[in-house]
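The hints should help you fit chain S onto chain C, whose structure is shown.
Protein chains: 2
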Amino acid sequence: MDRKGILIVISGFSGAGKGTLVKGLMSRYTNYAFSISATTRKPRAGEENGVEYFFKTREEFMNMIDNNKLIEYAQYVGNFYGTPKEYVDSQLDSGKDVILEIEIQGALKVKEKFPDTLLLFVTPPNATVLKQRLVGRGTEDFETIQCRLRRATQEAEGIEQYDYLIVNDDLDECIVHTHNIIQGEHSRASRNISKIEQIREELKSF
Amino acid sequence: MDRKGILIVISGFSGAGKGTLVKGLMSRYTNYAFSISATTRKPRAGEENGVEYFFKTREEFMNMIDNNKLIEYAQYVGNFYGTPKEYVDSQLDSGKDVILEIEIQGALKVKEKFPDTLLLFVTPPNATVLKQRLVGRGTEDFETIQCRLRRATQEAEGIEQYDYLIVNDDLDECIVHTHNIIQGEHSRASRNISKIEQIREELKSF
Chain C
1 MDRKGILIVI
11 SGFSGAGKGT
21 LVKGLMSRYT
31 NYAFSISATT
41 RKPRAGEENG
51 VEYFFKTREE
61 FMNMIDNNKL
71 IEYAQYVGNF
81 YGTPKEYVDS
91 QLDSGKDVIL
101 EIEIQGALKV
111 KEKFPDTLLL
121 FVTPPNATVL
131 KQRLVGRGTE
141 DFETIQCRLR
151 RATQEAEGIE
161 QYDYLIVNDD
171 LDECIVHTHN
181 IIQGEHSRAS
191 RNISKIEQIR
201 EELKSF
Chain S
1 MDRKGILIVI
11 SGFSGAGKGT
21 LVKGLMSRYT
31 NYAFSISATT
41 RKPRAGEENG
51 VEYFFKTREE
61 FMNMIDNNKL
71 IEYAQYVGNF
81 YGTPKEYVDS
91 QLDSGKDVIL
101 EIEIQGALKV
111 KEKFPDTLLL
121 FVTPPNATVL
131 KQRLVGRGTE
141 DFETIQCRLR
151 RATQEAEGIE
161 QYDYLIVNDD
171 LDECIVHTHN
181 IIQGEHSRAS
191 RNISKIEQIR
201 EELKSF
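Chains C and S are the protein sequences, given in the same order.
Using full-length UniProt numbering, you'd call the opening residue of the first sequence number 1 and step up by one each time.
Using full-length UniProt numbering, you'd call the opening residue of the second sequence number 1 and step up by one each time.
Some clues are possibly wrong.
[Said to hold, decoys possible] Keeping only pairs whose Cα atoms sit at most 20 Å apart, straight-line, the calculated DMTMM-like set for lysine to aspartate or glutamate is:
1) C:Lys4 / S:Asp163
2) C:Lys111 / C:Glu86
3) C:Lys69 / C:Glu47
4) C:Lys131 / S:Asp163
5) C:Lys204 / S:Glu157
6) S:Lys195 / C:Asp163
7) S:Lys195 / C:Glu157
8) C:Lys4 / S:Glu60
9) S:Lys204 / C:Glu143
10) C:Lys195 / S:Asp170
11) S:Lys131 / C:Glu201
[Said to hold, decoys possible] Ranges of calculated distance between the beta carbons of each label pair, as one might list FRET restraints:
12) S:Pro43 / C:Asn126: 29 to 39 Å
13) C:Ser27 / S:Ile65: 47 to 57 Å
14) C:Val176 / S:Pro43: 57 to 67 Å
15) C:Phe114 / S:Gln161: 46 to 56 Å
16) S:Asn79 / C:Asn126: 32 to 42 Å
[As the list claims (entries may be wrong)] Some, not all, of what chain C presents toward chain S, calculated at C-beta under 7 Å:
17) Lys111
18) Glu112
19) Val135
20) Gln154
21) Ala156
22) Gly184
23) Asn192
24) Ile196
25) Glu202
Since the hints were made in silico from the structure, they are not lab data.
These figures come from a predicted structure and were not determined experimentally.
Each residue gets a CB set at the ideal place from its N, CA and C atoms; glycine is no exception.
So here's chain C without its partners, still in its complex pose:
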C-alpha cells in the first residue's frame, strides 16, 4: 500500500451500537485493524491473551506507562486499561486503519497526542430511542437508569470535539456510511501534504 493508515477512535452513547458497528466494519472490509487493549484485570473464563485483551500484571503495566508504550490509559474500578502503541504503529505503517473503541476522556487524550486521529461519535437517531436503550427492558432499577442517563448527559457534552457524528439508525447503512467517511478522510488535503508537495516539485522541474 502506498498510504499510511488512519488512527480512528470510535466513542458513543452506551446502547448506540458501537461494538456492532466496529464488528461490521472489521468483517465487511479488509482495511481495518482493531486495537486490542492491555489491562491489569484478570482474564474471565474463555478470554484469551491477545484476543479480548493483552493481560498484564500491574508491574508490567506500570513499565509500559514508564516506557511510553501506551497511547493512552485509564483506571476503571481498580484496574488499568490502555492502548499499546507498538501494535497500533505497526498496523498504521502497513496501511491499515486502526480502530480504538474508547470513551471520550481517552479519545481527547489520543487526539491531543496524535492530532491526525479521526474521532467518530456514534448515536442512536434521537434521544427517545437513546432513552429506551438506556432504560433497557424494564429489568433495571431506578438507580441504574439514572446512572446511565447521567453518563449519557456527560458524554453528550463533548460531542463537538469529535470530527463526525454517526447516526446509527439502520446498522447496514451505518456500516457503509462510516466506511465511506473513513475512506473519504484519506483524501483530506491535510493528510496528503507530501503528495501535494511532490506534485508541486514535479511541476517546477518541467
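For chain S alone, coordinates are given in the frame of chain C:
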C-alpha cells in the same frame, strides 16, 4: 429533506477532468444542483440563457454586485463572471448540495464568506500525467504549453487551502469517491451542531 445542502467548490488543474466529474455526479445522483454562472459575455451559437449561463448586460451585472446578489465574481478577458446567490440559496434550502466549478481565487473568496463551503481540488494521479494533458496532443506551440505549466504551478500553490485532494485516475471510481466524501461531510460534527444540541437538551429533560 431534513438537512440543508452543502455548498461545494470544485477546482483543479486544467486537464484534471473536473467537468466530466461534475457531469458524472449530476447524472448519477439526484442530490446535486449545479450552479449556473452569470456573465456579461455574449451568448455563443447554441447557448441558452439559464442553461450554460445567465446572460446579463454590464449594467445588470453591476446592479447584481451592488445589491449583493453574487456570491463571488471575477473579470476575465474583459467580461464579468459571477455566481448568483439566489439560485444557490434556494437549492441549498431545498436540501441539494450545490456545486460551483470555479478557480482557486474565487474558491477562497467563497470560503471566506461562507466558511462551511467544501473545497475540493481535482488532480490527475501524478505530475507526469498532468504534464501530458497540459502539453496536449503535440499540436500546441511552446508558448501555450509554457503558459499552461505556469498556470498549473500557480494553482498548485493553493492546494492545502482546499479540504480534499481528489485524485482522478479512474473516472467511475472518482465519481463514487467524490460522492462519498460529500455525503460523509454531512455527518461532520461541525455541520450538526443543532442536532447535537437537541440530543443534549432532550437528555437533560428526562
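Do the hints match the structure? See the list:
A C-alpha spacing of about 19 Å is found between Lys4 of chain C and Asp163 of chain S, which places the hinted pair at or below 20 Å, so the restraint holds. With a C-alpha separation of about 17 Å, the suggested pair Lys111 of chain C and Glu86 of chain C falls inside the 20 Å cut-off, and the hint holds. With a CA separation close to 23 Å, the supplied pair Lys69 of chain C and Glu47 of chain C exceeds the 20 Å bound. Our distance criterion of 20 Å between C-alpha atoms is broken by Lys131 of chain C and Asp163 of chain S, whose separation comes to about 36 Å.
As the CA atoms of Lys204 of chain C and Glu157 of chain S are separated by approximately 11 Å, the hinted pair is consistent with the 20 Å bound. At roughly 14 Å between alpha-carbon atoms, Lys195 of chain S and Asp163 of chain C fall within 20 Å of each other, so this suggested pair holds. Annotation: proposed proximity of Lys195 of chain S to Glu157 of chain C holds, straight-line Cα distance about 13 Å (limit 20 Å). Note on Lys4 of chain C and Glu60 of chain S: the hinted pairing is violated, with a Cα-Cα distance of about 52 Å set against a maximum of 20 Å.
Proposed proximity of Lys204 of chain S and Glu143 of chain C is supported: the alpha carbons are some 16 Å apart, at most 20 Å. About 18 Å separates the Cα atoms of Lys195 of chain C and Asp170 of chain S, which keeps this hinted pair within 20 Å; it holds. Distance hint between Lys131 of chain S and Glu201 of chain C is fulfilled; the C-alpha atoms sit about 13 Å from each other, no more than 20 Å. For Pro43 of chain S paired with Asn126 of chain C, a C-beta distance near 50 Å fails the hint of 29 to 39 Å.
Taking the beta carbon of each, Ser27 of chain C and Ile65 of chain S are about 56 Å apart, inside 47 to 57 Å as hinted. Separation of Val176 of chain C from Pro43 of chain S is about 44 Å and departs from the stated range, judged on CB atoms against 57 to 67 Å. Checked against the hint of 46 to 56 Å, the C-beta distance between Phe114 of chain C and Gln161 of chain S comes to roughly 23 Å, which is inconsistent with it. Range check, Asn79 of chain S to Asn126 of chain C: Cβ separation about 51 Å, and the 32 to 42 Å hint is violated.
Evaluation of the Lys111 of chain C hint against chain S yields a violated restraint, the C-beta minimum of about 13 Å exceeding 7 Å. With a cut of 7 Å, the hint placing Glu112 of chain C at the interface with chain S is violated, because the nearest CB-to-CB distance is about 17 Å. Checking Val135 of chain C against chain S by beta carbon gives a least distance of about 9 Å; that is not within 7 Å, so the hint is violated. Taking 7 Å as the C-beta contact cut-off toward chain S, the hint placing Gln154 of chain C at the interface is violated, the least distance being around 10 Å.
Because the beta carbon of Ala156 of chain C sits about 5 Å from the nearest beta carbon in chain S, less than 7 Å, this interface hint is met. At a threshold of 7 Å, the smallest CB-CB gap from Gly184 of chain C to chain S is about 4 Å, leaving the interface hint in force. A least Cβ separation of about 5 Å between Asn192 of chain C and chain S falls short of the 7 Å threshold, and the interface hint therefore holds. Look at Ile196 of chain C: its Cβ gets to within about 5 Å of chain S, closer than 7 Å, so that hint holds up.
The interface hint given for Glu202 of chain C holds, since its Cβ lies 3 Å from the closest Cβ of chain S, which is under the 7 Å cut-off.
Of the numbered hints listed earlier, those contradicted by the structure are 3, 4, 8, 12, 14, 15, 16, 17, 18, 19 and 20.
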